[in-house]
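> What follows is the residue order along each chain.
2 protein chains.
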Amino acid sequence: MKVVIIGGVAGGMSAATRLRRLDEDAEIIVFDKGPYVSFANCGLPFYLSGEISNHADLVVQTPEKLQQRFKLDVRPNHEVTQILPDSHEVIVCYAGQLTRESYDRLILAPGAQPIMPDLPGIVGAKNIYALRSIPDLDQIMTGIQAESTQRVLVVGGGFIGLEVAENLVLSGLKVTVVEQAPHVLPPLDTEMAAFVEAELARNGVRVITGQAVASFEDAGTVAVLADGTRLTTDLTIMAVGVRPASQLAKAAGLRLGFHDGIVVDQQYQTSESDIYAVGDAIVVQQQVTNKPTLIPLASPANRQGRQVADNIVGLPHPNRGSLGTAIVRAFKLTAAATGLSEYQAQQAGLTYRVVHVRGGSHAGYFPGSTPLTLKLVFNPDSGEIYGAQGVGEQGVDKRIDILATAIKGDLTIDDLPELELTYAPPFGSAKDPVNMLGYVAMNVAEGLSKTIQWHQLPAALAAGRQVLDVRDTDELADGEFKRARNIPLNQLRQRLTELDSTQPYVVSCFSGQRSYIAERLLRQHGFDVVNLDGAFALYHAVRPQDLIYQR
Amino acid sequence: MKVVIIGGVAGGMSAATRLRRLDEDAEIIVFDKGPYVSFANCGLPFYLSGEISNHADLVVQTPEKLQQRFKLDVRPNHEVTQILPDSHEVIVCYAGQLTRESYDRLILAPGAQPIMPDLPGIVGAKNIYALRSIPDLDQIMTGIQAESTQRVLVVGGGFIGLEVAENLVLSGLKVTVVEQAPHVLPPLDTEMAAFVEAELARNGVRVITGQAVASFEDAGTVAVLADGTRLTTDLTIMAVGVRPASQLAKAAGLRLGFHDGIVVDQQYQTSESDIYAVGDAIVVQQQVTNKPTLIPLASPANRQGRQVADNIVGLPHPNRGSLGTAIVRAFKLTAAATGLSEYQAQQAGLTYRVVHVRGGSHAGYFPGSTPLTLKLVFNPDSGEIYGAQGVGEQGVDKRIDILATAIKGDLTIDDLPELELTYAPPFGSAKDPVNMLGYVAMNVAEGLSKTIQWHQLPAALAAGRQVLDVRDTDELADGEFKRARNIPLNQLRQRLTELDSTQPYVVSCFSGQRSYIAERLLRQHGFDVVNLDGAFALYHAVRPQDLIYQR
Chain A
1 MKVVIIGGVA GGMSAATRLR RLDEDAEIIV FDKGPYVSFA NCGLPFYLSG EISNHADLVV
61 QTPEKLQQRF KLDVRPNHEV TQILPDSHEV IVCYAGQLTR ESYDRLILAP GAQPIMPDLP
121 GIVGAKNIYA LRSIPDLDQI MTGIQAESTQ RVLVVGGGFI GLEVAENLVL SGLKVTVVEQ
181 APHVLPPLDT EMAAFVEAEL ARNGVRVITG QAVASFEDAG TVAVLADGTR LTTDLTIMAV
241 GVRPASQLAK AAGLRLGFHD GIVVDQQYQT SESDIYAVGD AIVVQQQVTN KPTLIPLASP
301 ANRQGRQVAD NIVGLPHPNR GSLGTAIVRA FKLTAAATGL SEYQAQQAGL TYRVVHVRGG
361 SHAGYFPGST PLTLKLVFNP DSGEIYGAQG VGEQGVDKRI DILATAIKGD LTIDDLPELE
421 LTYAPPFGSA KDPVNMLGYV AMNVAEGLSK TIQWHQLPAA LAAGRQVLDV RDTDELADGE
481 FKRARNIPLN QLRQRLTELD STQPYVVSCF SGQRSYIAER LLRQHGFDVV NLDGAFALYH
541 AVRPQDLIYQ R
Chain B
1 MKVVIIGGVA GGMSAATRLR RLDEDAEIIV FDKGPYVSFA NCGLPFYLSG EISNHADLVV
61 QTPEKLQQRF KLDVRPNHEV TQILPDSHEV IVCYAGQLTR ESYDRLILAP GAQPIMPDLP
121 GIVGAKNIYA LRSIPDLDQI MTGIQAESTQ RVLVVGGGFI GLEVAENLVL SGLKVTVVEQ
181 APHVLPPLDT EMAAFVEAEL ARNGVRVITG QAVASFEDAG TVAVLADGTR LTTDLTIMAV
241 GVRPASQLAK AAGLRLGFHD GIVVDQQYQT SESDIYAVGD AIVVQQQVTN KPTLIPLASP
301 ANRQGRQVAD NIVGLPHPNR GSLGTAIVRA FKLTAAATGL SEYQAQQAGL TYRVVHVRGG
361 SHAGYFPGST PLTLKLVFNP DSGEIYGAQG VGEQGVDKRI DILATAIKGD LTIDDLPELE
421 LTYAPPFGSA KDPVNMLGYV AMNVAEGLSK TIQWHQLPAA LAAGRQVLDV RDTDELADGE
481 FKRARNIPLN QLRQRLTELD STQPYVVSCF SGQRSYIAER LLRQHGFDVV NLDGAFALYH
541 AVRPQDLIYQ R
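Taken in order, these protein sequences are the chains called A and B. Using full-length UniProt numbering, the final residue of the first sequence is 551, and nothing's skipped along the way. Using full-length UniProt numbering, the final residue of the second sequence is 551, and nothing's skipped along the way.
No wet-lab data here; the hints were simulated from the structure. Take the hints with a grain of salt, since some may be wrong.
Since the list can't tell identical chains apart, any single copy or any two copies may satisfy a pair.
Unchecked claim - With a straight-line Cα cutoff of 20 Å, these simulated SDA-like cross-link-like pairs (lysine to any residue) come out:
| no. | residue 1 | residue 2 |
| --- | --- | --- |
| 1 | 332 | 367 |
| 2 | 332 | 266 |
| 3 | 65 | 478 |
| 4 | 332 | 369 |
| 5 | 71 | 494 |
| 6 | 2 | 525 |
| 7 | 332 | 368 |
| 8 | 450 | 22 |
| 9 | 71 | 132 |
| 10 | 2 | 528 |
| 11 | 2 | 243 |
| 12 | 332 | 25 |
| 13 | 71 | 493 |
| 14 | 33 | 286 |
Excised from the complex, chain A in its bound form:
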């Protein structure tokens, strides 16, 4: 069997090496149009700051070693320019020469390519880059090491944009991020992204949201935003997303689907027999919605590469879809998400509720615990978990991994308190924040707690509710809700007569835990009361300007 693979990074190289382990006799040729195969794509931003300091560390394997260990015929700088499905051949360009290569099976692993919007002034500008490959990185390094480079513009505040921004700041540059969406990290919801925006600001990054770059002027040294704002930039990195590198597949007549991704069946076979595809370029089924989508991430790509090799040799390991789990470090903070955001659940027309929990990375009585905020999106009727998000300094990766696993296992909100997680004081809490997410969601689903969200507070106040803040009085110095009444929780039962039983209230505390206790107390005493989910801490993160800071 002769297998030709187009693309030698995550999906393509996983396919090649697995195939060799399964079939010692197969002839395996890997073409890659770039000079490097099997490189650490996800590590590139960290080389900008020197956090990854050794260029060689970015290259996981070389063609020579892949030949020795796996008998792979790896050909870098070979660009496949055409696929001829009928004759089972590809046409390859190397050093300006075209050759033909036949195949029994062809695996497409072309990946995705950065979107470079066709903006006025972008063509010909010598200081505008994308970061997708090692040659891209090398060019950018030359650019940022030039003494004249002081100010850098990052267009796009997604995961890659923020990694690039952080590493450029760490390397001493002045960075502006422009994001077209209303907030950075569009896979997260507004209030969760707000924590990250604050951390970026604390570290000197200027963040402009809800604005796109409309054009470049002066040879790329000025970016003009849609509202006319002019930003001076010595170097610009475009990180507005990627699209499937499916041109070759399209030209060969292969079926494309969602956003021009390559359509494959459960065995990763395309619409042409003997042609398979994996990785960032393929359409996958999102596991929560069961709808087609694109998930250009390393983890699914590696898995798919392995599975396509299995399927080709007759070991049936079907494509079971993807969930989409992502994480980013932004200075001291970590932000991560899995499954659907609230916005995506809303767009999908799902019945959903959300809850927020603020907890400690480990037991509060043990040194070094830091707060983290988790959000759960779920179906209040079935208990199905749609998605989760987290932000905090430590332990966010762990909690989102647990929740991604829970979604994979079809666990419901009722199951989250049942999770028995590692607990000793340096590592967690007897009730982990993930357990608490379940308890809080159950309270909402079972009607024990009636909550409103941060964005619903203004309407609730306009409708006549008053905030009853049950924090201790000394906590009010951190900021207060307007026209709020303060009775510390521990005095509430004794001071009930001070409240007007005909007045509807919304209770808040710092994190939402004490206010839930107050909510239960007040409701049982006949009050009309709702709890502000996430309470002061969440509201303060997303709308600090609404609060008053002096009595």
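On the provided structure of chain A, position chain B as indicated by the hints.
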């Protein structure tokens, strides 16, 4: 409704506070025989070293605050001496006075008590302690702060024993640990515990395993082991385990079960109507075996306390059993386990296989990655996951939490590669060690890889197999298997003719990954070959004395 609760720590206080949130009118009395309620039991060992430095941090709530916030009548230093189920009363001793208290519902949350074996010389010795409560801690603190205290003996090398040992070393004492089982941390298997034993030794802890203390002499200053060894000790801490504090329940005629645990139904009701029990004292169903067991851990106790309150007010939240997940920090290392160990699977008569994977805490090309070793115990036919263990410096908690969640979700080995976990270079790898566990287990279950375990190597060698070590030659300086043949993996295909095709081999490398590639290569070339699971790194951890260190 009048509810009396016996025991005011994890399970009891969770029941009390949840009950108040559900029923503002209930009369709730909590009796605790000790001076403190709601204290941080799991934090006690860390006060020995001063890592937790503030005594007040160990007390989470006081009776006064619990009265203010939850209208709880909390009575410390009140020991319930008798339960009268027929009259629905308890008899309480406080300051030498006996009183009666009636109840509508009684919740028993008495916890567990340290086992103090009835050894010759233990009675009357003034320097032998257990660590279960704050008064215990205070006594021990006085003991270790005495200038004459230099050498401390910790009897029992389980989770608590090792935490105590670590913290005593950190406070400058010379510590010996005696463990009756063949290795420390009996919930882990031998080879996983070996990493911890090595870390203890590196930090100056003397560990004696497979030995029990037979008696004490000289007013407790000499411990005599079963083999006659005499250990001098200035202070001894007994940490040989706990037993359910079920005497009161037994005296009241309540049904006891497994190891004298209190038997409860799914609503936590005991054999007497209106008497419930939760926490360390109850018999639970182990979720993997579905057999009765005792799991004295904080996480299930807290959950059960909340659930019993729910059940009492008519919110049906049944007891769904426990899994048992535990973790310990031993100096730089972390060790954790969930579900069944290999030993437990074997004892339960289950069909099982095990695999070991060594991976990085995060991407190897990103600074700060440290190795961790994971073990999976699973059913090779159904793919069911029975249990998992991990040791390493970082990220062990996360991986065991993911696997505990996977077990809860009934995920199989085939599902582990499908988990999409947070991946960016500071946090993980594109193929996380948990994904790799799944791949390796599938290779074994599907017959692609034939493995032997570390303890099977001597028999395999005796039966005529030769070790083929495919590490690079410069790695051999770390130690070699006896009579091993070395051909680095990258040269293996070219040097096949040097091997004897009639000779059966066992391949090894450092971690087991390269040797698996070699196994696949050799088998396809007709060799009789098995892979040493866990390879050199695991063997070196558990049987370093079997290796040769000089050519």
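> As a check of your reading, is residue 71 near residue 494 (CA-CA no more than 20 Å) within one copy, between copies, both or neither?
Only across copies: residue 71 and residue 494 sit 10 Å apart there, 79 Å inside one copy, limit 20 Å.
> Can you tell me if residue 332 and residue 368 fall within 20 Å by alpha carbon in one copy, between copies, both or neither?
For residue 332 and residue 368, the Cα distance is within 20 Å both inside one copy (14 Å) and across copies (16 Å).
> Is it within, between, both, or neither for residue 33 and residue 286, if the alpha carbons may be no more than 20 Å apart?
Classified as neither; 30 Å inside a copy, 55 Å across copies.
> Is it within, between, both or neither when you check residue 332 against residue 25 at 20 Å Cα-Cα?
Neither: 50 Å inside a copy, 46 Å across copies.
> Should residue 450 paired with residue 22 be assigned to within, between, both, or neither, using CA atoms and 20 Å as the limit?
between (56 Å within a copy, 14 Å between copies)
> With identical chains treated as interchangeable, where does the CA-CA distance between residue 2 and residue 243 reach 20 Å or less: within a copy, between copies, both, or neither?
Neither: 29 Å inside a chain and 65 Å across chains, both beyond 20 Å.
> First find the shortest C-alpha distance between residue 332 and residue 266 inside one copy, then the shortest across copies, and answer within, between, both or neither for a cut-off of 20 Å.
neither (41 Å within a copy, 45 Å between copies)
> Go through the copies and call it for residue 65 and residue 478: within, between, both or neither, with a Cα cutoff of 20 Å.
Neither. Shortest intra-copy (59 Å) and inter-copy (23 Å) distances fail the 20 Å Cα cut-off.
> How would you label the pair residue 332, residue 369 (within, between, both, or neither) given a Cα cut-off of 20 Å?
Both. Shortest intra-copy (14 Å) and inter-copy (18 Å) distances satisfy the 20 Å Cα cut-off.
> Indicate which option fits the pair residue 71, residue 493 if close means a Cα-Cα distance not exceeding 20 Å: within, between, both or neither.
between (76 Å within a copy, 9 Å between copies)
> Is it within a copy, between copies, both, or neither that the alpha carbon of residue 2 lies no farther than 20 Å from that of residue 528?
Neither: 73 Å inside a chain and 27 Å across chains, both beyond 20 Å.
> If the cut is 20 Å between Cα atoms, do residue 71 and residue 132 qualify within a copy, between copies, both or neither?
neither (28 Å within a copy, 61 Å between copies)
Of the numbered hints given earlier, the model fails hints 2, 3, 9, 10, 11, 12 and 14; all others are met.
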